[in-house]
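Engineer: Protein chains in written order, with this note's numbering: chain A, 318 to 462; chain C, 318 to 462; chain U, 318 to 462; chain R, 318 to 462.
Hint data in this document are derived by calculation from the structure and do not stem from the laboratory. From the three backbone atoms N, C-alpha and C, an ideal C-beta is built for every residue, glycine too. Don't take every hint at face value.
Here are a few chain A residues that sit away from chain C, every Cβ distance over 10 Å (derived from the structure) [as the list claims (entries may be wrong)]:
hint	residue
1	TYR338
2	GLY345
3	ILE346
4	HIS348
5	SER350
6	ARG373
7	ALA448
8	ALA458
Distance condition first, Cα-Cα at most 25 Å in a straight line; then the derived SDA-like pairs of lysine to any residue [as the list claims (entries may be wrong)]:
hint	chain 1	residue 1	chain 2	residue 2
9	A	LYS339	U	LEU381
10	A	LYS339	R	ARG335
11	A	LYS339	U	PRO451
12	U	LYS456	A	ASP398
13	A	LYS441	R	LYS441
14	R	LYS339	C	SER332
15	R	LYS339	C	LEU413
16	R	LYS339	C	PRO451
17	R	LYS339	C	ARG389
18	R	LYS339	C	ASP325
19	A	LYS339	C	ARG333
20	R	LYS441	U	ALA329
21	R	LYS339	C	THR443
22	R	LYS441	U	ARG337
23	A	LYS339	C	GLY345
24	A	LYS441	C	SER332
25	A	LYS339	U	GLN343
26	A	LYS339	C	GLN419
27	A	LYS441	R	GLU422
28	A	LYS339	U	GLY462
29	A	LYS339	C	GLU385
30	C	LYS441	C	VAL428
Below are the chains, spelled out letter by letter.
Protein chains: 4
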Amino acid sequence: MARTRFSDARPAVDSRLRVRYKDTDQMGIAHHSNHVVWFEIGRTDLCRVAGLEYRRIEELGWVLVVTEIGCRYRGPFRYDDEVLIRTQVEEGNPRLIRFCYQLIEAGSGEVRAEGFSSHVWVDKATRRPRAATPEVFAKFAQFLG
Amino acid sequence: MARTRFSDARPAVDSRLRVRYKDTDQMGIAHHSNHVVWFEIGRTDLCRVAGLEYRRIEELGWVLVVTEIGCRYRGPFRYDDEVLIRTQVEEGNPRLIRFCYQLIEAGSGEVRAEGFSSHVWVDKATRRPRAATPEVFAKFAQFLG
Amino acid sequence: MARTRFSDARPAVDSRLRVRYKDTDQMGIAHHSNHVVWFEIGRTDLCRVAGLEYRRIEELGWVLVVTEIGCRYRGPFRYDDEVLIRTQVEEGNPRLIRFCYQLIEAGSGEVRAEGFSSHVWVDKATRRPRAATPEVFAKFAQFLG
Amino acid sequence: MARTRFSDARPAVDSRLRVRYKDTDQMGIAHHSNHVVWFEIGRTDLCRVAGLEYRRIEELGWVLVVTEIGCRYRGPFRYDDEVLIRTQVEEGNPRLIRFCYQLIEAGSGEVRAEGFSSHVWVDKATRRPRAATPEVFAKFAQFLG
Numbered sequence: 318m319a320r321t322r323f324s325d326a327r328p329a330v331d332s333r334l335r336v337r338y339k340d341t342d343q344m345g346i347a348h349h350s351n352h353v354v355w356f357e358i359g360r361t362d363l364c365r366v367a368g369l370e371y372r373r374i375e376e377l378g379w380v381l382v383v384t385e386i387g388c389r390y391r392g393p394f395r396y397d398d399e400v401l402i403r404t405q406v407e408e409g410n411p412r413l414i415r416f417c418y419q420l421i422e423a424g425s426g427e428v429r430a431e432g433f434s435s436h437v438w439v440d441k442a443t444r445r446p447r448a449a450t451p452e453v454f455a456k457f458a459q460f461l462g
Numbered sequence: 318m319a320r321t322r323f324s325d326a327r328p329a330v331d332s333r334l335r336v337r338y339k340d341t342d343q344m345g346i347a348h349h350s351n352h353v354v355w356f357e358i359g360r361t362d363l364c365r366v367a368g369l370e371y372r373r374i375e376e377l378g379w380v381l382v383v384t385e386i387g388c389r390y391r392g393p394f395r396y397d398d399e400v401l402i403r404t405q406v407e408e409g410n411p412r413l414i415r416f417c418y419q420l421i422e423a424g425s426g427e428v429r430a431e432g433f434s435s436h437v438w439v440d441k442a443t444r445r446p447r448a449a450t451p452e453v454f455a456k457f458a459q460f461l462g
Numbered sequence: 318m319a320r321t322r323f324s325d326a327r328p329a330v331d332s333r334l335r336v337r338y339k340d341t342d343q344m345g346i347a348h349h350s351n352h353v354v355w356f357e358i359g360r361t362d363l364c365r366v367a368g369l370e371y372r373r374i375e376e377l378g379w380v381l382v383v384t385e386i387g388c389r390y391r392g393p394f395r396y397d398d399e400v401l402i403r404t405q406v407e408e409g410n411p412r413l414i415r416f417c418y419q420l421i422e423a424g425s426g427e428v429r430a431e432g433f434s435s436h437v438w439v440d441k442a443t444r445r446p447r448a449a450t451p452e453v454f455a456k457f458a459q460f461l462g
Numbered sequence: 318m319a320r321t322r323f324s325d326a327r328p329a330v331d332s333r334l335r336v337r338y339k340d341t342d343q344m345g346i347a348h349h350s351n352h353v354v355w356f357e358i359g360r361t362d363l364c365r366v367a368g369l370e371y372r373r374i375e376e377l378g379w380v381l382v383v384t385e386i387g388c389r390y391r392g393p394f395r396y397d398d399e400v401l402i403r404t405q406v407e408e409g410n411p412r413l414i415r416f417c418y419q420l421i422e423a424g425s426g427e428v429r430a431e432g433f434s435s436h437v438w439v440d441k442a443t444r445r446p447r448a449a450t451p452e453v454f455a456k457f458a459q460f461l462g
């Protein structure tokens, strides 16, 4: 995860949710697999703010296939905590895009986890790589620092 | 749920799984939404035993759409407990099928939950009701008492 | 489910969420087990509006154990749909409480699912039934019609 | 993830499961967050084979808190595919333990994903780091190459 850098120099999109009872485990904290789902909510919201809803991306014939994810856990989230998800486009080009994320406990402002996800642009029908067109990629390029 | 009757007079298909850590919640027990997923595993295995894997049903152009579910909880499952899922076809015809389930803690033999799910046969492409053909329905009819 | 009646004569608490990509299945719709989780979000919000957050209930030494759930599915939710959860206290006393729910697709206003959940008041430490005190129960009684 | 090396020189523990319908998403493949849950199943089984069930670890007063996870996705899993989880102890000492995983489609033998999880030994009551005793750690040391 050495390359992952959430940077104050880049624009970020914020999402908020509350930890669900379903998200907890018998350790009394949100299970660590939820963070991966929360990242997905963050990038869905970034797509929306970018002006290209993810469901529109699929309608246009692409899927963004996940090729790698990583998460570092710094502290737990508990039931009913408000989670602030901060999402950035860390790097991207018409073939690859990499998002990075901070998960912040909104009450305290503490960063409780950080992570990234890497994706390739894939043709929805053929499931083969297909580059994003300039006008599609431009939606995300505005988020590069 | 008055109509749901798991009956020793009908054949049942057994599935086994262990409660995952992810399935637990901060009450220290398996979250009650898992039971609905376990029912689905039970009917997937019943389809397999019936000689018509559920994935084959979708390849043939149907989906089995859920129209109702219900579950009564008699006792908790805990992390790493072995769950025995017993699945029956409670009633069925070429348009509707209703499965019923017992969830048993395998160590003690105790029934910890009972439930059902009702489904309609739907055309995968049009999403309109489409009756099962006699040869498809026959796979399930063998499980009626 | 004959007894479940969502009634315009009773107060309801509204919650809103969006269907997550994670919630979809290969049928292209939100998997039917999510509805059970959405019900839980509805009653969590009802507790908050009632002035007694569910996490406070556990701090006070109770857990609300689920004894039965049911859901009727009238139409699918799709990725990124906004779900309006409407939650009511259908019946209750210091030993038992039953919530009922409507799940509405916010864009169209259509009721896509209805359901209920029944619970008993249980002592968190002993896991034995323990009646709610009058002041705790009063928080919920205000929602009875 | 540069440090993660699944190695044929170390003992591995194998687990098997089938992709559940619930695990699929509207892309028609197992959602990428499931892999994190499958890793957990792998290390649960490794603990069992090691002679120290994870539930026993918690009874003894520890929890293994996740500090980092990573996963590389090489190809999709589909509904009803059999997943072979291969789990190793990549490195470990009485304070830290790192597992690595391969996820193999059992029918073809193809490695579809690889990943790791890092953990610290934490006191269940105080939630502070507490080193594993030699006899506890020995259970895992036998898996180091």
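Engineer: For each hint, tell me whether it holds in the structure or not.
Structural biologist: Now for the hints, and whether the structure bears them out:
1. With 10 Å as the threshold on Cβ separation, the claim that A/TYR338 sits away from chain C is violated: the shortest Cβ distance comes to roughly 6 Å.
2. Once the 10 Å rule is applied to beta carbons, A/GLY345 is inconsistent with being away from chain C; the minimum gap is 5 Å.
3. The beta carbon of A/ILE346 is not kept farther than 10 Å from every beta carbon of chain C, the shortest such distance being approximately 8 Å.
4. Annotated as non-interface, A/HIS348 brings its C-beta within 10 Å of a C-beta of chain C; the closest such distance is 5 Å.
5. With a closest Cβ-Cβ approach of about 6 Å to chain C, A/SER350 is found to fall inside the 10 Å limit, against its non-interface label.
6. At the 10 Å boundary, the C-beta of A/ARG373 stays outside the reach of chain C, the nearest C-beta of that chain being 22 Å off.
7. The Cβ of A/ALA448 sits about 31 Å from the closest Cβ of chain C, beyond the 10 Å cut-off, so the non-interface label holds.
8. For A/ALA458, the non-interface assignment is confirmed: its Cβ lies about 37 Å from the closest Cβ of chain C, beyond the 10 Å cut-off.
9. Straight-line distance between C-alpha atoms of A/LYS339 and U/LEU381 comes to about 14 Å, which keeps the hinted pair within the 25 Å bound.
10. With a C-alpha separation of about 23 Å, the suggested pairing of A/LYS339 with R/ARG335 holds against the 25 Å cut-off.
11. Distance hint between A/LYS339 and U/PRO451 is unfulfilled; the C-alpha atoms sit about 28 Å from each other, more than 25 Å.
12. Proposed proximity of U/LYS456 and A/ASP398 is supported: the alpha carbons are some 22 Å apart, at most 25 Å.
13. Distance hint between A/LYS441 and R/LYS441 is unfulfilled; the C-alpha atoms sit about 46 Å from each other, more than 25 Å.
14. This hinted pair checks out: R/LYS339 and C/SER332 have alpha carbons roughly 16 Å apart, not beyond 25 Å.
15. For a cut-off of 25 Å, the pair hint linking R/LYS339 to C/LEU413 stands: about 21 Å separates their Cα positions.
16. The suggested pairing of R/LYS339 with C/PRO451 is violated, with an alpha-carbon distance near 28 Å, which exceeds 25 Å.
17. A hinted pair counts as satisfied when its Cα atoms are at most 25 Å apart, and R/LYS339 with C/ARG389 qualifies at roughly 21 Å.
18. A C-alpha spacing of about 29 Å is found between R/LYS339 and C/ASP325, which places the hinted pair above 25 Å, so the restraint is violated.
19. A threshold of 25 Å between alpha carbons decides the hint, and for A/LYS339 with C/ARG333 the separation of about 23 Å falls inside it, so the pair holds.
20. Annotation: proposed proximity of R/LYS441 to U/ALA329 is violated, straight-line Cα distance about 40 Å (limit 25 Å).
21. For the proposed pair R/LYS339 and C/THR443, the alpha carbon gap of about 22 Å is at most 25 Å, so the pair holds.
22. For the proposed pair R/LYS441 and U/ARG337, the alpha carbon gap of about 33 Å is over 25 Å, so the pair is violated.
23. Between A/LYS339 and C/GLY345, the direct Cα distance comes to roughly 12 Å. Compliance with the 25 Å bound is thereby established for this hinted pair.
24. The straight-line distance between the Cα atoms of A/LYS441 and C/SER332 is roughly 35 Å, outside the 25 Å bound, and the hint therefore fails.
25. Distance check on the hinted pair: A/LYS339 and U/GLN343 sit about 22 Å apart at the alpha-carbon level, within 25 Å; holds.
26. Note on A/LYS339 and C/GLN419: the hinted pairing holds, with a Cα-Cα distance of about 22 Å set against a maximum of 25 Å.
27. As the CA atoms of A/LYS441 and R/GLU422 are separated by approximately 22 Å, the hinted pair is consistent with the 25 Å bound.
28. Of the supplied pair hints, the one linking A/LYS339 and U/GLY462 is violated, its CA atoms being roughly 29 Å apart against a limit of 25 Å.
29. The suggested pairing of A/LYS339 with C/GLU385 holds, with an alpha-carbon distance near 21 Å, which does not exceed 25 Å.
30. Proposed proximity of C/LYS441 and C/VAL428 is contradicted: the alpha carbons are some 35 Å apart, above 25 Å.
Of the numbered hints stated above, those contradicted by the structure are hints 1, 2, 3, 4, 5, 11, 13, 16, 18, 20, 22, 24, 28, 30, listed in ascending order.
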